Amino acid sequence: MRGRTRVLEVADLTVSYGDLRVLWGVSFTVAAGELVALIGPNGAGKSTALKAIAGLIPAEAGRVTLDGVSLLDEPPYTRIRRGLSLVPEGRGLFPAMTVRENLELGGFAVPPPDGLRAAIERVCALFPILAARRGQLAGTLSGGEQQMLAIAMAVLSRPRLLVLDEPSLGLAPLVVDRLYETVARLKREGLTIFLVEQQVFLALELADRAYVLETGRIRQEGPGRALLADAHVKEAYLGMTASSG
Amino acid sequence: MTLQTVIDLVLGGISLGGIYALVAFALSLSLATTHVLNVAHGTFMVLGAALATLLFRFAPIGWPLAVLILVLAFAALGLFFEAAFVRPFAAKSPEQILVGSILVTFGFALTVEALLGYGWARWVDPQPAFSLAFPFARVTVLGVAVSGTRLTILLAAAAAITGFHLFLRRTPLGRAVRAVAQNYAGAVILGVNPRRVSVVIYLAGIVATAGAGVLLALAIPLEPYSGLRLTLVAMTIVVIGGVGSLPGALLGGGLLGMAEVLTAYTLGSVWSPVVSLLVFFSVLVVRPEGLWGRRA
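Those sequence lines, one after another, are chains H and Z. Going by my numbering, the first residue of the first sequence is number 1, and it counts up by one from there. Going by my numbering, the first residue of the second sequence is number 1001, and it counts up by one from there.
By construction, these hints were calculated from the structure, which means they are not laboratory data. Computed from a predicted structure; not experimentally measured. We put the beta carbon where it would ideally sit given N, CA and C, even for glycine. Worth double-checking, as some hints may not be accurate.
What the hints assert, rightly or not - Here are a few chain H residues that sit away from chain Z, every Cβ distance over 10 Å (derived from the structure):
#, residue
1, S16
2, P76
3, A131
What the hints assert, rightly or not - So the derived label-pair ranges between C-beta atoms look like this:
#, chain 1, residue 1, chain 2, residue 2, range
4, Z, A1083, H, L20, 31 to 37 Å
5, Z, L1142, H, P111, 44 to 50 Å
6, H, T140, Z, F1058, 55 to 61 Å
7, Z, F1281, H, S27, 34 to 40 Å
8, Z, F1080, H, R21, 37 to 43 Å
9, H, S27, Z, E1095, 31 to 37 Å
10, Z, F1281, H, N42, 42 to 48 Å
11, H, D114, Z, V1286, 46 to 52 Å
12, Z, E1095, H, A131, 39 to 45 Å
13, H, R185, Z, R1170, 53 to 59 Å
14, Z, L1079, H, D114, 35 to 41 Å
Here chain H stands alone, though its shape is the one from the complex (with noise of 0.2 Å):
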């Protein structure tokens, strides 16, 4: 990864609820043009790391640079100006409006240059699905169908960084299969992803670098196919024995 430019920089980062300390001095990159997935167990603090990157919590210490520029001194409804994109767990969308009311929330902090309509067209030639539901309430989507308008609302933005939380999450592997499908277009498409995920075979398949992040600590990092390939990671998240493997 030498050489291209780095997009998200987050190191040292420390985070607690309270007395509790969650997260112990994280450290991670994603460069321009990379899909980098963070695993780990439940509990790891693994969302808590891209709440405090989205700045939903408060971190205690460290840095979280976007393109440079430090992300802890900005209110967290101006982090998507500087181009982070974050879908949250369990969606961030509005179950009350429609799917065009929710795309249009997309474009809401950083205007589209040629429109929001016309946007909002582009985004629904990228997810058909959308396209026919748009007058639809978006709470009466399918799991598959929310996730898939999450994101689209976040590309919206056109972001630097596209960051996605547990995307798998209560969906079927059928339509989870679909959702991989779209990220790894929009990785070709040359979007930058930071992807966090319990489905860690999946995860793993298609990242280009992976993080372990356990009880709070970066464990191991590399290649995402090396991880697939790793003794540890096999035996906590891949369910297989070091004999079976």
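Add chain Z to chain H, keeping to what the hints say.
Just chain Z now, with coordinates in the frame of chain H:
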């Protein structure tokens, strides 16, 4: 009962319902976006009626200038209220905000009402009452004589409600308001500044509520201590109509307005609160989720 009486009663009911719907919708928008339950909501109606009464009593001004002064005064009061009683809660959890805001706004309401009652009795009139006269007492529409006051109340309330509706549906800022009400963190991530939403909601909401108080004073005299009763009416409508729901507020407001007017006509206005409570409980028994489930 003559046709004229029926027309008067219906117009009376729906015009009162329009006022109630407007007030209840303003209350439920602030609850849905900031989790603040504003017990002083009805007090702003009383303040609106009081300031309008004062203006017409001591200054020979017409309605346009009076409306301008009222809007400016209550816009300023709305900004103050947001900064003093809403912003300090911003970092707290929704449950903490709800309980804390009830205490703080209840105290605000009691203080304002006591000061208003005392000040008015001392400097203006020993028997404080806020009521306004309207120049067009009776007008003829399609050959039927109707109360010009009631018609004006209905049209003004309808215009204000339509304004709220168009703002929420058609403007980016209005969509941002609804987004905050439906998913706070999701809206912040998309770049919505919740402070800005809160300022807009309290500014517009308190101006509209004070305006509703002026409209109510055209029909019924208000007293310094009417505020808490009016807050209760608004809360009842929010509960039976659903938090953040405009159709629910219209339906609930119309229901309570009609019930109040019909009760006053048949049993006497002393019974109005009892009948309002009966309507409240009946709706809760039949539809515990409220008349209109959908939000914002």
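| said: Checking each numbered hint in turn, tell me which of them this model violates, lowest number first. | reply: Hints 2, 7 and 13 contradicted; others consistent.
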